[in-house]
Amino acid sequence: MKNLSIRKISWLLLISTTLLLFLLIYIGNILIKESTHHLAKKINMNLNEYAKIINKEDEDLDKAKTNRANSKSEKISNTNDVKGETSASSSSESKINPSKSLDNKISQELEPDIDSLKKNATINQKKIDSLKDMEIKTPKIEHGEFHSTFGKEVAFIYFSHNRESFLPYFSEGTKPEEAYHSEFNVSLIGERLGSALKFNGVWNSVDQTDIITMLNSRGLNFNSSYQMSRELVIQEKRENRNLEMLFDIHRDSLPKKYTTQEINGEPFAKILFVVGSGHKNYEKNLAFTNSLNDLINKSYPGLSRGVIIKDTTQGNGIYNQDLTPNSVIIEIGGVDNTIDELYRTADVLGYVIGQYYWNSKH
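Residues in the sequence shown are numbered consecutively from 1, following the UniProt record's numbering.
Label-pair restraints from in silico Cβ distances:
no.	residue 1	residue 2	range
1	S299	L20	57 to 63 angstroms
2	N223	D294	30 to 36 angstroms
3	E145	T313	41 to 47 angstroms
4	E283	I25	55 to 61 angstroms
Calculated directly from the structure, the hints in this document are not laboratory data.
These numbers were taken from a predicted model, which means no experiment stands behind them.
The beta carbon of each residue, even a glycine, is placed where N, CA and C say it ideally should be.
Model the full structure from these sequences, guided by the hints.
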């Protein structure tokens with residue numbers, strides 16, 4: 001009898017354990033389905049919703065970057081180039097007469113008016129104010145699979161000639177060599193590019209250092225701009241081990257007919273890539289740049305003016321591109337282009353760079 005009771009108890013325990021196991025499996029399946037459903041909802045979010053989340057979560061990071069940008073110039077002014085880094089040439093920029101050629105790959109660098117660097121040229125405040133009410137829609141872009149570096153800033157956007165600005169927003173009679181401003185300048189286009197890159201999953205940092213202030217504090221002239229921006233890049237490399245790509249944003253000085261392209265009925269600012277051949281590894285920069293240029297030509301024919309190569313007899317010739325193989329100068333538009341034209345191009349450029357990053361490297 002005793003053995004029989006033990007067997008009954010054993011059977012009851014076995015049955016209870018089995019039922020409990022099935023119950024746990026059932027509950028687990030429910031939890032997995034709920035989790036999967038939640039994840040699917042997140043993955044299937046449209047990009048606008050995702051962008052809102054990114055912007056919300058990034059508030060603290062943006063504040064930190066702003067504080068860092070305000071202090072970076074002060075930090076760098078007390079430091080020299082890292083030992084072992086190649087020192088960039090301070091040769092004057094080459095001047096090219098656009099009337100000599102109609103080639104897409106022509107570029108023009110104007111020496112800025114000295115007085116315009118000491119004080120801002122007079123802007124047309126009404127035109128500036130009108131930009132606040134202007135809605136510049138992002139061009140229609142067929143976004144593919146969702147990607148993100150999730151906070152890892154893999155790109156650095158900076159401005160060796162950060163005060164380059166745009167004639168349509170200055171007082172009548174302002175000359176191209178006078179179109180420089182400490183606030184309304186090419187850095188606005190870089191910020192738009194930074195937002196477009198993040199929208200396409202490529203987190204980045206946009207530098208806001210005023211190169212002219214750095215030059216003035218050291219008694220240097222405009223030809224030393226790349227030496228100043230070089231220090232910014234070196235500092236960024238020290239602080240950010242995730243850095244993979246460098247973009248130095250400029251605008252050209254050519255007239256609008258050379259720097260504007262209509263696409264689907266909308267005017268865009270054309271793009272020109274500049275690669276410096278004044279260092280031994282420039283072929284890597286060229287390969288990187290050609291890949292970007294090919295993608296632009298494929299998706300937006302006519303938007304790119306191509307890739308030009310400059311050595312040290314035509315300008316600085318290095319342009320800080322010896323510091324990383326994925327580095328290039330991008331001239332977006334020219335002195336005559338408008339903000340809406342420039343922003344449209346920044347939006348599609350962010351998409352194309354994102355394409356390159358996710359398809360070619362990751």
